[in-house]
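Peer 1: Protein chains in written order, with my numbering: chain P, 1 to 192; chain W, 1 to 192.
Check before you lean on any hint, since a few could be wrong.
Pairs count within a copy or across copies, as identical chains cannot be separated in the list.
[To be verified] Restricting the straight-line Cα-Cα distance to at most 30 angstroms, the calculated cross-link-like pairs of lysine-lysine (DSBU-like) are:
1. K161 / K57
2. K132 / K161
3. K57 / K127
4. K12 / K161
If you're looking for bench data, these hints aren't it; they were derived computationally from the structure.
Protein chains: 2
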Amino acid sequence: MTSNVAPVPLEKATRLLNHGPTVLVSARHAGEDNVMAAAWACALDYTPPKLTVVLDKMTRTRPLVEGSGIFAIQVPTAAQMQLTFDVGHRSLHDDADKLANCGVKLFGIDGHDLPFVSGCSAWLACKLIPEKHNQQIYDLFIGEIVGAWADTRAFENGHWKFETADPAWRSLHYVAGGQFYATGESLVAPSK
Amino acid sequence: MTSNVAPVPLEKATRLLNHGPTVLVSARHAGEDNVMAAAWACALDYTPPKLTVVLDKMTRTRPLVEGSGIFAIQVPTAAQMQLTFDVGHRSLHDDADKLANCGVKLFGIDGHDLPFVSGCSAWLACKLIPEKHNQQIYDLFIGEIVGAWADTRAFENGHWKFETADPAWRSLHYVAGGQFYATGESLVAPSK
Numbered sequence: 001m002t003s004n005v006a007p008v009p010l011e012k013a014t015r016l017l018n019h020g021p022t023v024l025v026s027a028r029h030a031g032e033d034n035v036m037a038a039a040w041a042c043a044l045d046y047t048p049p050k051l052t053v054v055l056d057k058m059t060r061t062r063p064l065v066e067g068s069g070i071f072a073i074q075v076p077t078a079a080q081m082q083l084t085f086d087v088g089h090r091s092l093h094d095d096a097d098k099l100a101n102c103g104v105k106l107f108g109i110d111g112h113d114l115p116f117v118s119g120c121s122a123w124l125a126c127k128l129i130p131e132k133h134n135q136q137i138y139d140l141f142i143g144e145i146v147g148a149w150a151d152t153r154a155f156e157n158g159h160w161k162f163e164t165a166d167p168a169w170r171s172l173h174y175v176a177g178g179q180f181y182a183t184g185e186s187l188v189a190p191s192k
Numbered sequence: 001m002t003s004n005v006a007p008v009p010l011e012k013a014t015r016l017l018n019h020g021p022t023v024l025v026s027a028r029h030a031g032e033d034n035v036m037a038a039a040w041a042c043a044l045d046y047t048p049p050k051l052t053v054v055l056d057k058m059t060r061t062r063p064l065v066e067g068s069g070i071f072a073i074q075v076p077t078a079a080q081m082q083l084t085f086d087v088g089h090r091s092l093h094d095d096a097d098k099l100a101n102c103g104v105k106l107f108g109i110d111g112h113d114l115p116f117v118s119g120c121s122a123w124l125a126c127k128l129i130p131e132k133h134n135q136q137i138y139d140l141f142i143g144e145i146v147g148a149w150a151d152t153r154a155f156e157n158g159h160w161k162f163e164t165a166d167p168a169w170r171s172l173h174y175v176a177g178g179q180f181y182a183t184g185e186s187l188v189a190p191s192k
């Protein structure tokens with residue numbers, strides 16, 4: 001863990017996802033690590049914080065989540081656009097060196113046996129809330145967020161700092177065909 | 001419906017949500033219309049297209065969705081930031097003229113008995129897929145997208161046009177405390 005990675009209070013954890021970024025999902029089971037991209041991840045509750053993520057049956061990450069009961073969700077940066085696209089379009093099924101070939105470097109956080117992706121702006125450690133019907137019928141997984149961290153260069157004191165941070169820290173919002181939008185300008189609604 | 005509102009093929013419907021915008025949820029039941037904001041909405045499947053949205057038990061829109069079994073999800077624009085904030089922070093419970101006081105104008109689309117919000121960039125007509133357990137335990141609602149439309153000034157031929165459209169058309173990504181980020185610059189990952 002680098003010196004810029006700081007814990008985020010769990011009551012603020014959903015703020016890391018509230019702007020709707022594309023995320024990286026990672027998991028570890030039986031000696032295997034994998035990382036995939038997911039545009040379909042979303043906050044679900046504040047207390048305790050929860051999120052949803054869609055994991056297709058074709059993915060290699062899904063059985064790691066089902067096997068271990070835990071997973072990490074992380075928010076990649078504009079600087080990681082190619083990495084994000086590549087982990088979403090290559091499979092461990094076809095490329096045993098997928099992570100290395102995609103430029104993924106992993107790191108650990110004490111107390112969580114999960115492969116966290118270096119260079120992201122935020123990380124969420126999640127415990128799977130087993131919901132067989134949702135998982136089988138909709139590929140929909142629910143996780144309770146049990147740990148949250150952010151790089152203080154991008155998120156600090158409960159707030160994203162995109163207005164002042166280097167644009168390389170902005171989040172990614174995937175559309176299709178290799179195209180993303182970066183998070184843009186800050187707009188503030190005056191209370192009436 | 002204005003002349004700029006064009007149907008979007010259902011197989012492209014999830015593209016209207018893929019970048020993770022904050023949305024407006026609207027519903028009609030027993031002569032009552034309401035509109036609320038939701039940052040927690042997400043695509044769920046391509047075929048048939050589906051989405052999830054979190055509707056708190058405190059909202060007045062939720063019983064309209066439960067009562068009618070249908071709802072609309074629409075993508076508000078940067079120009080609608082104040083409207084989006086206001087419909088998310090006022091309730092019909094307290095203000096019978098909420099919609100007028102928030103500046104909401106509604107319009108109809110043939111074949112769908114739903115109150116669509118004028119001025120948005122995209123609209124999705126949804127049929128509730130009843131999942132009592134998800135609704136009761138998680139406030140999580142699943143809808144099948146049965147109709148999709150976009151304003152051609154913002155989305156055309158299956159693609160958002162934020163790069164060339166007026167910035168007032170950009171989507172909103174809510175954070176907290178009245179702060180949003182607009183959708184930002186386009187980034188394209190070269191295929192390797």
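Peer 1: Hint by hint, say whether it matches the structure.
Peer 2: Now for the hints, and whether the structure bears them out:
In this homomeric assembly, K161 and K57 never come within 30 angstroms of each other (Cα to Cα): the closest approach is 36 angstroms inside a single copy and 32 angstroms across copies. For a Cα distance limit of 30 angstroms, the shortest separation of K132 from K161 qualifies neither inside one copy, at 38 angstroms, nor across copies, at 39 angstroms. In this assembly of identical chains, the alpha carbons of K57 and K127 lie at most 30 angstroms apart whether taken from the same copy (19 angstroms) or from different copies (25 angstroms). Taking the shortest Cα distances, K12 and K161 sit within 30 angstroms of each other inside one copy (15 angstroms), while across copies they are farther apart (33 angstroms).
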